[in-house]
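First to last, the protein sequences are chains A and B. So the first sequence is numbered by our numbering: it starts at 1 and just counts up by one. So the second sequence is numbered by our numbering: it starts at 1 and just counts up by one.
Heads up, some of the hints might be wrong.
Stated by the list, open to error - Heads up, simulated DSS-like pairs for lysine-lysine below, C-alpha to C-alpha not over 27 angstroms straight-line:
#  : chain 1 : residue 1 : chain 2 : residue 2
1  : A       : Lys148    : B       : Lys270
2  : B       : Lys247    : A       : Lys148
3  : B       : Lys304    : A       : Lys173
4  : B       : Lys301    : A       : Lys167
5  : B       : Lys244    : B       : Lys232
6  : B       : Lys220    : A       : Lys170
7  : A       : Lys231    : B       : Lys220
8  : B       : Lys244    : A       : Lys148
9  : A       : Lys231    : A       : Lys186
10 : B       : Lys270    : A       : Lys170
11 : A       : Lys231    : B       : Lys270
12 : B       : Lys232    : A       : Lys167
13 : A       : Lys167    : B       : Lys430
14 : B       : Lys247    : A       : Lys170
15 : A       : Lys99     : A       : Lys83
16 : B       : Lys453    : A       : Lys170
17 : B       : Lys270    : A       : Lys173
18 : A       : Lys167    : B       : Lys304
19 : B       : Lys270    : A       : Lys167
It is worth saying that the hints were derived from the structure and are not from the lab.
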Amino acid sequence: MVEPREIILNALKEGRKKLLEHEALEVIKAYGAPIAEAALAKTPEEAGEIAEKIGFPVVLKIVSPDISHKSDVGGVIVGVDSKEKAVEAAKKIIENVSKNVPNARISGILVQKMAKKGLEVIVGGLRDNIFGPVVMFGLGGIFVEVLKDVSFRVAPITYEDAYEMMKEIKSAKLLEGYRGQPPVDKKALADIIIAVAKLLENNPEVDSVDLNPVIAYPDGAVVVDARVILKQ
Amino acid sequence: MIEKFFNPNSVAIVGASPKPGKVGNVILANFKRRFKGRIYPVNPKHEEIMGLKCYPSIKDLPETPDLVVIAIPAPKVPQVLRDAGEKGVKAAIIISGGFRETGTEEGKRLEEEIVKISKEYGIRILGPNCLGIYDNWSGVDTFFLPDEKMMRPPKGKISFISQSGAFASALLDWMAYRNIGISRAISYGNKIDVDDVDLLEFLAKDDKTGLIIMYLEGLKPGRGRLFIDKAKEVVQKKPIVIYKAGKTSRGSTAAASHTAALAGNYAIYKAAIKQAGMIEATSFDEIMDLSKILLTQPLMKGRKVYVVTDAGGVGVMLTDALTMEGFILPRSPEDLKQELRKVLPPHCIVENPIDLTGDTDDDRYKVVLDILLPRDDVDAVVVGALPQVPGITPKLADYLAEARKYGKPIIAISIGSKEAERFKDLLEDKGIPVFESPERAARALRALYLYSKIRGVARE
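If we strip away everything but chain A, and leave its shape as in the complex, we get:
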């Protein structure tokens, strides 16, 4: 396994403003956040092999330093449930991307375990010029996008701080479960919030972090999508 610091420094050396998705996932995992298992395939055949190893269903995503809205360019295929289909999907993605963004550099295709349905939350972090590392928590989808229902803390933070962040959002009741659902695993979410805080504290080169979505379950949580922006 590559050290998270090495991944970050390497990206900077290559003049990149952000980590590639598999790098971002790896870095956040190294700081103790559980992630939806994933690996980077260089060829369609390799995508098939990785998919088989991870277990179905999987999602395939294009990885390119030049593409940030992957779905818009046909760079994401979800619900792939066999090795053959994984190879096909990888080929299809490469074809879509070559057609839609002909000049994009392609680093590979991320093959990732599809996360089960659960409660979508967002965990973020940023470096503020006054307070330094700051972490954020909110519920995903309309809660964050429309209602901006999020809470913040200045790092370093304790578990108690992380629990308070979850309590503080207006939609906090959804974390407690509704319509007969059991409450989500807050310890797992706290682990993720603290991982983001540590990532920012230990790496001054990191400017901001979005883990969106993180899927929360009654037992555990996984980071599905990670974005790590580096300082310019």
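Following the hints, position chain B against chain A.
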């Protein structure tokens, strides 16, 4: 340390002037009136001002003053500061504006120059572009608003740190008019050196300060975490009531991530205020409401509140307002009801809110408070005594003051005209804070509960 800003034995006032209306004239007059130490006016154009020998330069002073106050045009400040440095001065308040706040290249350059000089000589600087310090104990008063325009408040336990000079002077005037006591007030302007962190550190140790009010626009880059840590220490000794100005989001700054787009300036300050255990006031009214309850009332152990009133409607309003702020208004338990029925006329309502009704007298309040306050299931009492009813007399204020012996918060609301105002003054003189509406009373009590939690006294 910054002690000398507040307690100097000698002070030089550069820019002292005999001309009425001049900043250097008002400041010198302030010091002459109240400061007990030695005063040296500095101005090359005069030999004597207000009966004091005036010196052409700091270099000519017979001693090194503990504090130098500078009130001259910005371009001349660097030279004066250098003179002060040569003389061995360690503390200077720069009142003058004309620095970075102007947004000009020249202003920026001048500010950088004075930063450099202060570092070279090891001079601590308050300002520039500020009102400086009003200290009710030592008589240091660099607020260049004349006494007849800005009243000076009496001595008291509140200290006040303000990023805005205008707000500082307005608040002092407001407090003076209402006879609210002040210990020390500081306006630090551009804060090139002494800032919020230094001032909190000083006020934390200051036994003449019982509560700190802060008006903050923004901290200096990189000072945020230190500010939180320092404030966290301070609030274990005395409460900090903070008003954060400039709440609108910087949102539009091209944000590379979702998180950055959501993180308005205020959102992060709000988090920091909470983490530090400071009490946030969200309006001007609240600054004073929260301050007076925190200054006068003991900490509360829980959220159970009883309302005692002579007006049913006010009781209902208080119930709503308190409940909305997260308080529990328990139904009176059977034993309490029985006890109350024994001492109250049958038409009184012994359910919480306890309604003594419009024909009440002072004594009904007294007996009820004596029953309520010693109980373990009562954490605070809110008295809604409308003074319009005939049976209420000034004696009620004495009863409420007496009830403070139970060591639990007692606050009151009073609504009305002259009589209500008189009643309010009477109560506040005796340490019972009075609020003009149920909502304001409830907000204030909420702040007391929050602070009690921060101090580890209150249960969830």
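Structure-based check of all given hints:
1. A/Lys148 / B/Lys270: holds (15 angstroms)
2. B/Lys247 / A/Lys148: holds (16 angstroms)
3. B/Lys304 / A/Lys173: holds (24 angstroms)
4. B/Lys301 / A/Lys167: With Cα atoms ~22 angstroms apart, lysine 301 of chain B and lysine 167 of chain A stay inside 27 angstroms; holds.
5. B/Lys244 / B/Lys232: The given pair, whose Cα atoms are some 17 angstroms apart, holds under the 27 angstroms limit.
6. B/Lys220 / A/Lys170: Violated, at roughly 31 angstroms.
7. A/Lys231 / B/Lys220: holds (21 angstroms)
8. B/Lys244 / A/Lys148: Holds, at about 20 angstroms.
9. A/Lys231 / A/Lys186: The given pair, whose Cα atoms are some 31 angstroms apart, is violated under the 27 angstroms limit.
10. B/Lys270 / A/Lys170: holds (15 angstroms)
11. A/Lys231 / B/Lys270: holds (25 angstroms)
12. B/Lys232 / A/Lys167: Roughly 21 angstroms between the alpha carbons, so the hint for lysine 232 of chain B and lysine 167 of chain A holds.
13. A/Lys167 / B/Lys430: violated (39 angstroms)
14. B/Lys247 / A/Lys170: holds (20 angstroms)
15. A/Lys99 / A/Lys83: With Cα atoms ~25 angstroms apart, lysine 99 of chain A and lysine 83 of chain A stay inside 27 angstroms; holds.
16. B/Lys453 / A/Lys170: holds (21 angstroms)
17. B/Lys270 / A/Lys173: Measuring from Cα to Cα gives roughly 22 angstroms; hence the hint holds.
18. A/Lys167 / B/Lys304: Given that 27 angstroms is the threshold and the Cα spacing comes to 22 angstroms, the pair holds.
19. B/Lys270 / A/Lys167: holds (15 angstroms)
Checked against the numbered hints listed earlier, the structure breaks hints 6, 9, 13; every other hint is satisfied.
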